[in-house]
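> Please build the complete structure, drawing on both the sequences and the hints.
The residues making up each chain are set out below.
Protein chains: 2
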Amino acid sequence: MEVNREHISAWLQNLQDGICQALEQADGRSTFKEEQWSREEGGGGRSRVMENGAVIEKGGVMFSAVSGKAPDFLFKERAHSDSAQAGNHEGLTFFATGVSIVIHPQSPMVPIIHMNIRYFEMSNGTRWLGGGIDLTPHYIVDEDATWFHQQLKAVCDKHNPAYYPEFKTWADNYFYIAHRKETRGIGGIFFDRLNLRDGMSFEQNLAFWKEVGEAFAPVYTELIRRNKDKAFDETNKQWQLLRRGRYVEFNLVYDKGTKFGLETNGRVESILMSLPAQAGWLYDYKTAEGSPERETLNKLKKGLAWA
Amino acid sequence: MEVNREHISAWLQNLQDGICQALEQADGRSTFKEEQWSREEGGGGRSRVMENGAVIEKGGVMFSAVSGKAPDFLFKERAHSDSAQAGNHEGLTFFATGVSIVIHPQSPMVPIIHMNIRYFEMSNGTRWLGGGIDLTPHYIVDEDATWFHQQLKAVCDKHNPAYYPEFKTWADNYFYIAHRKETRGIGGIFFDRLNLRDGMSFEQNLAFWKEVGEAFAPVYTELIRRNKDKAFDETNKQWQLLRRGRYVEFNLVYDKGTKFGLETNGRVESILMSLPAQAGWLYDYKTAEGSPERETLNKLKKGLAWA
Numbered sequence: 018m019e020v021n022r023e024h025i026s027a028w029l030q031n032l033q034d035g036i037c038q039a040l041e042q043a044d045g046r047s048t049f050k051e052e053q054w055s056r057e058e059g060g061g062g063r064s065r066v067m068e069n070g071a072v073i074e075k076g077g078v079m080f081s082a083v084s085g086k087a088p089d090f091l092f093k094e095r096a097h098s099d100s101a102q103a104g105n106h107e108g109l110t111f112f113a114t115g116v117s118i119v120i121h122p123q124s125p126m127v128p129i130i131h132m133n134i135r136y137f138e139m140s141n142g143t144r145w146l147g148g149g150i151d152l153t154p155h156y157i158v159d160e161d162a163t164w165f166h167q168q169l170k171a172v173c174d175k176h177n178p179a180y181y182p183e184f185k186t187w188a189d190n191y192f193y194i195a196h197r198k199e200t201r202g203i204g205g206i207f208f209d210r211l212n213l214r215d216g217m218s219f220e221q222n223l224a225f226w227k228e229v230g231e232a233f234a235p236v237y238t239e240l241i242r243r244n245k246d247k248a249f250d251e252t253n254k255q256w257q258l259l260r261r262g263r264y265v266e267f268n269l270v271y272d273k274g275t276k277f278g279l280e281t282n283g284r285v286e287s288i289l290m291s292l293p294a295q296a297g298w299l300y301d302y303k304t305a306e307g308s309p310e311r312e313t314l315n316k317l318k319k320g321l322a323w324a
Numbered sequence: 018m019e020v021n022r023e024h025i026s027a028w029l030q031n032l033q034d035g036i037c038q039a040l041e042q043a044d045g046r047s048t049f050k051e052e053q054w055s056r057e058e059g060g061g062g063r064s065r066v067m068e069n070g071a072v073i074e075k076g077g078v079m080f081s082a083v084s085g086k087a088p089d090f091l092f093k094e095r096a097h098s099d100s101a102q103a104g105n106h107e108g109l110t111f112f113a114t115g116v117s118i119v120i121h122p123q124s125p126m127v128p129i130i131h132m133n134i135r136y137f138e139m140s141n142g143t144r145w146l147g148g149g150i151d152l153t154p155h156y157i158v159d160e161d162a163t164w165f166h167q168q169l170k171a172v173c174d175k176h177n178p179a180y181y182p183e184f185k186t187w188a189d190n191y192f193y194i195a196h197r198k199e200t201r202g203i204g205g206i207f208f209d210r211l212n213l214r215d216g217m218s219f220e221q222n223l224a225f226w227k228e229v230g231e232a233f234a235p236v237y238t239e240l241i242r243r244n245k246d247k248a249f250d251e252t253n254k255q256w257q258l259l260r261r262g263r264y265v266e267f268n269l270v271y272d273k274g275t276k277f278g279l280e281t282n283g284r285v286e287s288i289l290m291s292l293p294a295q296a297g298w299l300y301d302y303k304t305a306e307g308s309p310e311r312e313t314l315n316k317l318k319k320g321l322a323w324a
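First to last, the protein sequences are chains A and B. This note's numbering puts the first residue of the first sequence at 18, with every later residue one more than the last. This note's numbering puts the first residue of the second sequence at 18, with every later residue one more than the last.
It should be emphasised that the hints constitute simulated quantities derived from the structure, not laboratory data. It is possible that part of the hints are untrue.
Treat identical chains as interchangeable: a pair holds within one or across any two.
[Claimed, not checked] Below, computed lysine-lysine pairings styled on DSS-like, alpha-carbon distance capped at 25 angstroms:
#, residue 1, residue 2
1, 175, 247
2, 50, 303
3, 198, 86
4, 50, 170
5, 198, 273
6, 50, 86
This is the structure:
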């Protein structure tokens, strides 16, 4: 089969189906509601959102395939300069397709997870793959964090042993809330603009990329299984609201997917499904010495060797 | 008295004192807690925050006076180009002082309010005044909205009849959540880079600017008095969370004060005190036909002639 946009789109929709099934089974109470949408400039998507499940408070598994005039900021970023290449892409069009997932669980003992895999091409022949999975536990469980990173490392190592160390560092740097000097969570892997690489063909990288997508459901349902029945109290719920507040700060201030979506006139409700049902901010909140909250905060740092 | 940075700073601290007193009296239960802070690059501030009052759930009245190397984005914005003048400000330093207020009330029947007045100068002699007041009712009460705009118009008209129409439009355009196609609230007035103007001296504009600051306490305490004893239910509280979610979106995605603060390594807790104690996001929420929520949403538009 030819590896073209139609193949990749169809594969992603299939992945979306499988992940929704697995999450509905793990939740055991609620189901995903679907909307199909289209955008004026070209393309559209299939949004699947679950609210008020037994395990999942708010979660989205979103497929989209959009096209249009290539947005300016792509070139800005690439040139590492504000305007140097801004004039060179007149008439260029893009096509982008991907699956994006954010799950906010009910329980503060179950981690928030995010996964995204995306394919991008332009009318000048440029194409690349991007993606990543990262985990944001409200309370870091070392054993789970290690296991999570080991699963991602195994996916990477199977295709290219250079990938895990590089993409783990990339995630540390990407999922970083600079103004808080905190990572969003324990990271994971992140990669972008992957095409030919270390002698690997585009097709070989596509195989890696697909396995990242396929890793999501087994990894997250296992983390749900391990943590969903743990007891929690009001202190834990308040901390969950504050950690969700940080999640909101990251997504609205730093996240490039959010920026890309808003700048390309994407569907707002799909882009902002990443925001939790509720989040909170207390002024100048300080965790107590020796508390589990402090322990987690101390591990929201770049460069921890979880695997 | 010479109008210099020391005079303006001292006047602003005085204003902060008066506003805090008026708000404590209006709240009747809680008081402001103060922190003084300084920043490495120069200057600091005096933060005053109230949490969990009878009327005010979370509110900050923040004074700051900071200085340092003039940040790049000031020049970008001015030149209306990304990099044209970026090289011309080597060695320039800035001084900025202001009072910033955001009040999130407990009751969904009491509006959120924001006020900011700021003075900015650079070592090349450039100086200007900026500021504004805007109101974000969870439920728009037409009579209050009209009264609020009339108070601001009266302050403007006393100094320059051109100001209210211009600064009201500026507020409509500034406090706009582009991705939602909604204004943040009912607007108010907003102005920036005010110096000489229509034959007015800097000192004359300073007099206007001071009256904007002095208008805050009587205007907001009156709006509290009118609305604080109104009954509300769970539907109203849920709607308040969603409106606060929009407030968070505006402040983190669009607000220039937030951007300036984060980019100049300002004190994060002071900058982000604008965020509410709790906010919420429901996926693809639609107001019901004929509901008070729909009625409010229909008035979150630019160009309404409230005064």
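> Should residue 175 paired with residue 247 be assigned to within, between, both, or neither, using CA atoms and 25 angstroms as the limit?
neither (34 angstroms within a copy, 64 angstroms between copies)
> Should residue 198 paired with residue 273 be assigned to within, between, both, or neither, using CA atoms and 25 angstroms as the limit?
So residue 198 and residue 273 pass the 25 angstroms test inside a copy (19 angstroms) and across (21 angstroms) alike.
> Are the CA atoms of residue 198 and residue 86 at most 25 angstroms apart within a copy, between copies, both, or neither?
Answer is between: at 22 angstroms across copies they meet the 25 angstroms cutoff, but 36 angstroms inside does not.
> Should residue 50 paired with residue 86 be assigned to within, between, both, or neither, using CA atoms and 25 angstroms as the limit?
neither (31 angstroms within a copy, 51 angstroms between copies)
> Regarding residue 50 and residue 303, is the shortest C-alpha distance of 25 angstroms or less found within a copy, between copies, in both, or in neither?
between (39 angstroms within a copy, 15 angstroms between copies)
> Within, between, both or neither: how does the pair residue 50, residue 170 come out at a Cα-Cα threshold of 25 angstroms?
neither (33 angstroms within a copy, 48 angstroms between copies)
Hints 1, 4, 6 from the earlier list are contradicted by this structure; the remaining hints agree with it.
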